[in-house]
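Engineer: Listed below are the residues making up each chain.
2 protein chains.
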Amino acid sequence: MELIKGNDIAATIIAELKAEVAAISGRKPCLALVRVGDDPASVSYVKKKEKTAAEIGVESRVILPPVDISQAELEKLIDDLNADETVDGILVQSPLPKPLDELAIFRRVSPAKDVDGFHTLNLGKLAQEDATGFASCTPAGIMELLGRSDVDLKGKHVVVLGRSLIVGKPIALLALQKKAGANGTVTICHSATKDLPSITRLADVLIAAIGRAHFVTADMVKEGAVVIDVGINRIPDASRKSGYRLVGDVDFDNVAPKTAQITPVPGGVGPMTVAMLMKNTVKARQQGTAA
Amino acid sequence: MELIKGNDIAATIIAELKAEVAAISGRKPCLALVRVGDDPASVSYVKKKEKTAAEIGVESRVILPPVDISQAELEKLIDDLNADETVDGILVQSPLPKPLDELAIFRRVSPAKDVDGFHTLNLGKLAQEDATGFASCTPAGIMELLGRSDVDLKGKHVVVLGRSLIVGKPIALLALQKKAGANGTVTICHSATKDLPSITRLADVLIAAIGRAHFVTADMVKEGAVVIDVGINRIPDASRKSGYRLVGDVDFDNVAPKTAQITPVPGGVGPMTVAMLMKNTVKARQQGTAA
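Residue numbers (our numbering), protein chains in the order written: chain A, 1 to 291; chain B, 1 to 291.
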C-alpha cells in the first residue's frame, strides 16, 4: 500500500504555479475573494486561500460585504467584479447567509472568471470536453492526484460514490473524458443504489464523496484498488483538545491494507482544492475573457 | 418479452401536445428550422419535423440559406432569430456543410430557444437538474419511453453504451437525477472499456448508443433486462429495393427473447426524437425567454 500524499502534490503544483506567475509579464493574476458574514469555517478558508495566493504571487482582493447585504446589492457587486479588467477570478465563499440565493450568485459570476467552476456553462463545458472551461476544484484536484501518482484511468472501472454537483458529477465527467489519463469506465452510485458493496467491489478506482464518516468498509473494496477519499467528517474524540477529529468517508485503518494506493484524511484531497483554485486563477489570467 | 412501441408512445405525446397547443391563447408556438444545403437525409428530417409541427399546431418557419453561406452570415441569421419574439425554438439541422463551425453555431442559438438541447448551458442545466433547461431530444425521448412503459429506474443499474454528447452523456445525467422515475445507478461504457460483456450483464436497463450494427449480442444481456436500442445502422440487404435495411445496435432476434422489454429498430427510440423536439418547442413557448 502506498499513500497518495496530497500535501506533497499540492506543494509541487503551487511551486509550478509560482514559476508560471513569475514568467507572466505585466499584471499578475488577481483573485477576488468575496465573503459575506463571519462563519468561522469561511473565515479560515478565505485566509488559507489568501495565504496560498500570496505564496504564488497571485494578488488577492478580499471583499467583505455587510452580512445583511441584499441579493440585488450582491449581484451588483459581482457585476462590478465581472466588469473589472484587473480581476481574473472571482470566488464567492460558500455558504452564503440564508436569505441570499447562492445558486443565482454563482451563476452571476462571469463564466470566464468562474475559477470555482460552479457556473452552469462551465459544467456544460466539462461534459463537452471544452478545455477553455473551469472544472470545479475538488474533482480537478483528484485528477491531478491520480495523474501524478501514475494512475492512468484508461479502461479502468472508476466507481464514484455520490452525485453532488461539486464532486460526484464533475469527477464522473472528467474520468470519462477522451483525453490522456482519463478514458475510464465510470459508475455513479448514490443513496438510492441497491447492493452498493457489490458495485464498489468492481472498482479499480473508488472515489468516495458522500460525507459519511467511515462509510466505506474493507468488504466494499477490491484487493489492489486505488481509493480516493473526498470526505471530511468530524467525529467526537475526547483525546483531542478540540473534542473532535477529522476522518474521511473511508474506514482508512481497515481499508488501506487492501489497496494499492489510497489518500489519507486529512492531507489527501483537501490540500488539492486550494491548489486547483490557484491553477484556475492563473489559467483565467492567461486565457483572458476569451473563454 | 414486451415490445416498447415508440411509434405509439410518440403518437400519444403528439396528441397531448396538440391539446396543450390548442389551449394556448394568443400566438401559437413557432419553430424555426434552418437547413443549409441539400443533404438528402437532412431534407427528409426537416420535412418530417415540419409535418409533425403542423399536426400539433406548431408553426414552422423553414429557412434555407445558400449552401455557401459564411460563418458570419449564418451567425447573423441566428442572432436575428434569437431576437425575433415570434420565434420560440430554433433548430439548425446537422450536419452543416464542412467549412462551417457547427459547435459555434449551436452555441450561438439562445439557450432559451435551444430546443435541440445542444447548447453548453442546457447541458450544464441537465447536470444541475434545473428543469428550465432543454434536454436533448433523444435522451429525453428515452426517459419518456421508460416512464410510459412503467420502468422506474430507481435503484436500478442503468448501463449506457456510448459517451456522445447527443445521447450517452445526457441520458446518463437524466437517469441519475433525483426526480421520480430516475434515481438510477449509472455506468457509462465506451470504446476504452475493458471486458464489456461483464459490465453490460450487470444492467437492469441497457441503453445502446454506439452506432455499430448488432453490437450487443445475447451473451451481453442479463435475463429479464430492459433494452433500449438507440442505434440506426444501415446494413446491406439485397431483398430490399433500396439495397439496405435499418438495424439497431442490438442483435434484436437473439437478444429480445431474454429481455423483459425492448425497443425495436425502427419504431423504437427514433420516433421519440421528433416528438421531444415538439415538446421542447411548446415548453419554450410556455416558458418564454425567462429560462
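A few of these clues could be false.
Same chains, same names: a pair is fine if it fits in one copy or spans any two.
Stated by the list, open to error - Taking lysine-lysine pairs in the BS3-like style, the calculated list, with each CA pair at most 30 Å apart, reads:
id, residue 1, residue 2
1, Lys222, Lys47
2, Lys178, Lys241
3, Lys154, Lys51
4, Lys5, Lys194
5, Lys5, Lys47
6, Lys222, Lys48
7, Lys51, Lys179
8, Lys18, Lys28
9, Lys194, Lys222
10, Lys178, Lys98
11, Lys98, Lys179
12, Lys194, Lys47
13, Lys76, Lys18
14, Lys154, Lys194
15, Lys76, Lys5
16, Lys179, Lys241
17, Lys28, Lys194
18, Lys194, Lys258
19, Lys222, Lys154
20, Lys178, Lys222
21, Lys222, Lys18
22, Lys241, Lys18
23, Lys51, Lys76
24, Lys154, Lys178
25, Lys28, Lys241
If you're looking for bench data, these hints aren't it; they were derived computationally from the structure. Computed from a predicted model, the values in this text were never measured in an experiment.
Engineer: State whether the alpha carbon distance between Lys179 and Lys241 is at most 30 Å within one copy, between copies, both, or neither.
Structural biologist: neither (46 Å within a copy, 43 Å between copies)
Engineer: Reference check for the pair Lys178 and Lys222, CA-CA at most 30 Å: within, between, both, or neither?
Structural biologist: both (26 Å within a copy, 28 Å between copies)
Engineer: Between Lys222 and Lys18, at a C-alpha cutoff of 30 Å, which is it: within one copy, between copies, both, or neither?
Structural biologist: The answer is neither: 39 Å in one copy and 54 Å across copies each exceed 30 Å.
Engineer: When no copy is specified for Lys28 and Lys241, does a C-alpha distance of 30 Å or less occur within a copy, between copies, both, or neither?
Structural biologist: neither (41 Å within a copy, 68 Å between copies)
Engineer: Evaluate Lys178 and Lys241 at a C-alpha cut-off of 30 Å and name the case that applies: within, between, both or neither.
Structural biologist: neither (48 Å within a copy, 40 Å between copies)
Engineer: Using 30 Å as the alpha-carbon threshold, which applies to Lys76 and Lys18: within, between, both, or neither?
Structural biologist: Neither. Shortest intra-copy (32 Å) and inter-copy (43 Å) distances fail the 30 Å Cα cut-off.
Engineer: I want to check one pair: Lys222 and Lys48. Are their C-alpha atoms no more than 30 Å apart within a copy, between two copies, both, or neither?
Structural biologist: Neither: 36 Å inside a chain and 51 Å across chains, both beyond 30 Å.
Engineer: Quick one: Lys51 to Lys76, C-alpha cut-off 30 Å, is that within a copy, between copies, both, or neither?
Structural biologist: For Lys51 and Lys76, only the intra-copy Cα distance (27 Å) is at most 30 Å; the inter-copy one is 47 Å.
Engineer: With 30 Å as the alpha-carbon cut-off, assign the pair Lys154 and Lys194 to within, between, both or neither.
Structural biologist: Both, since 26 Å and 9 Å are each at most 30 Å.
Engineer: For the identical chains here, do Lys51 and Lys179 meet the 30 Å Cα criterion within one copy, between copies, both, or neither?
Structural biologist: neither (33 Å within a copy, 41 Å between copies)
Engineer: Is the C-alpha distance from Lys154 to Lys178 at most 30 Å within one copy, between copies, in both cases, or in neither?
Structural biologist: So Lys154 and Lys178 pass the 30 Å test inside a copy (9 Å) and across (29 Å) alike.
Engineer: Between copies, within a copy, both or neither: which fits Lys194 and Lys222 at Cα up to 30 Å?
Structural biologist: Result: close both inside a copy and across copies, 18 Å intra and 17 Å inter.
Hints 1, 2, 3, 6, 7, 12, 13, 15, 16, 17, 21, 22 and 25 from the list above are not met by this structure, while the remaining hints are.
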